[in-house]
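Engineer: For this one, chain A is given, so just place chain B on it according to the hints.
Protein sequences, first through last, are from chains A and B.
So for the first sequence, my numbering puts the first residue at 1; every next one is plus one.
So for the second sequence, my numbering puts the first residue at 238; every next one is plus one.
Think of the hints as simulated: they come from the structure by calculation, not from any bench.
Nothing here was measured: the structure is a model prediction, and the numbers come from that model.
Cβ atoms here follow ideal geometry from the backbone N, Cα and C, with glycine treated the same way.
Mixed in with the good hints, there may be bad ones.
[Claimed, not checked] Heads up, incomplete: computed chain B residues facing chain A, CB under 7 Å, no partners named:
#, residue
1, G327
2, L328
3, E331
4, L340
5, L434
6, E472
7, E473
8, C475
Here is what each chain is made of, one letter per residue.
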Amino acid sequence: MADGGRRAPPGFWSQAFRIARKDLAIEWRNREILATSAFLAVVVVLVFSFAFVVGGVAPPPAVVAGILWVAILISGVVGLGRTFDRERDGDAIRALLLSPVPRAAIYAGKLMATIVLMLGVELAVSVLVTVFFNARVGENAGRIGALLLLGTIGFATVGSVFSAALLRARSRDVLLSTLLYPIVVPLLIAGARGTANLLDLSPDLDAVSFWTQFMMAVDIIFLVVGAWAFEPIVSAD
Amino acid sequence: MADSAIAPLQVANVGKIFGRHRALASVSATMNAGEITAILGPNGAGKSTLLAIVSTLQAPTSGTVRWGDVELRRGSPARAALGYVGHEPGLYMELGALANLSLFADLYGVPDGAARAAALLERVGLSGAPAQAPVRTFSRGMLQRLGLARALVHEPSILLFDEPSAALDPAGVTWLGTELQRERDRGRVVVLVTHDLDAAAALAEHIVILRRGRVVRDERRPGPWGASSLRTAYEESCRG
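Chain A on its own, in the form it takes in the complex (with noise of 0.2 Å):
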């Protein structure tokens, strides 16, 4: 035999987990996505609750679900750009490419990595919408924390490949709130709607399903999708 008895190499969820591990470890040292991130997101809500919030009175759900997901929405992709120029500074993405990593394994740590620093992000979004629009957050906490994990696996799943795909991209900053944003788009609508419902008083539960079926339905497809198109783009022959 060639290798003369080579180890074989972890299975894919180990490895998965290791890049997941190791893009968290980059972040906890110098803090630089969920810093960013967090201040983009302050300053949306910030600059929303100086146009909406009028004598003290808050606007209406809808337009607090809006601004959420909004602040969620542009927050995020700077986020997305960032974790994957990590890839590109030292040519990382050419050893790791190299290594017996499966492609679909990177494209699971990179995914894993990124959920876990939007939701944090997302965490304190909702606070601050909580605070700056006296919004009841609170009291269906449960389920639109599943709106917003929902969200937030679409938007990364899809976002990932597009991070990827314009690794070596000029102006990718650019152009990945252009291919992103209209692509996301039918999440945006589904998570502020099924939110909006969840912040009313009388909250439409039934609606609030109907949302959030649509968000599990549009996740598995930007899944199948992400998976399938990643190694094809990552691979660049």
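Structural biologist: Just chain B now, kept in the frame of chain A:
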């Protein structure tokens, strides 16, 4: 001591076409274990493309790369036998030296990866480097040393070097040459893509000269070629 039974690397009729541009046309060569093969040629000859195909980063349009009885291609488990050093170190710049090596040791499934990483830091002369300092604070020479340690972390049988001495100072070039010879003496397959004829002359027993995507010379000698004979061979091959 040389590792036993490391098979040669065989490139057979490899071609690569990018759009309408033919980068490689039916390239064949055999790189033996315990030998340094230098792949030489002018800019655009196809050297880096050939190395990208051998390293499985790119798929050939035609032909195969075999290592012993297995085909080296994307998804093949035999890829774990490859180690690659390029002009960039292939490291995460925000992590420390030990964390970088431990990461790659884990991804390759190296048993006791932390101990292996520490031993490699010692070998490449970086054991005194601050353990927690991000490697972006390292000098170019230190990064290249660490890049070599990263490529060696899983004890690869095949080592591929793409212009590894670019931007290194003379002491760094000498050190790198010693490391290549050390791996050759351990019986590895060592492939070096370079523009530096002097470095190739001092190290390589086997030269493959490419021109316009074709092999124009493939020749072995019992020891390193020496500067004048390699330069003559190179000029003869690239003339016209």
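Engineer: All the hints need checking, so say for each whether the structure fits it.
Structural biologist: Now the hints, each set against the structure:
1. G327: 3 Å, holds
2. L328: Where the cut-off is 7 Å and the nearest Cβ of chain A is about 5 Å from B:L328, the hint holds.
3. E331: Because about 5 Å separates B:E331 from the closest Cβ in chain A, which is inside the 7 Å limit, the hint holds.
4. L340: Result: holds, 5 Å to nearest chain A Cβ.
5. L434: 25 Å, violated
6. E472: 33 Å, violated
7. E473: 34 Å, violated
8. C475: 28 Å, violated
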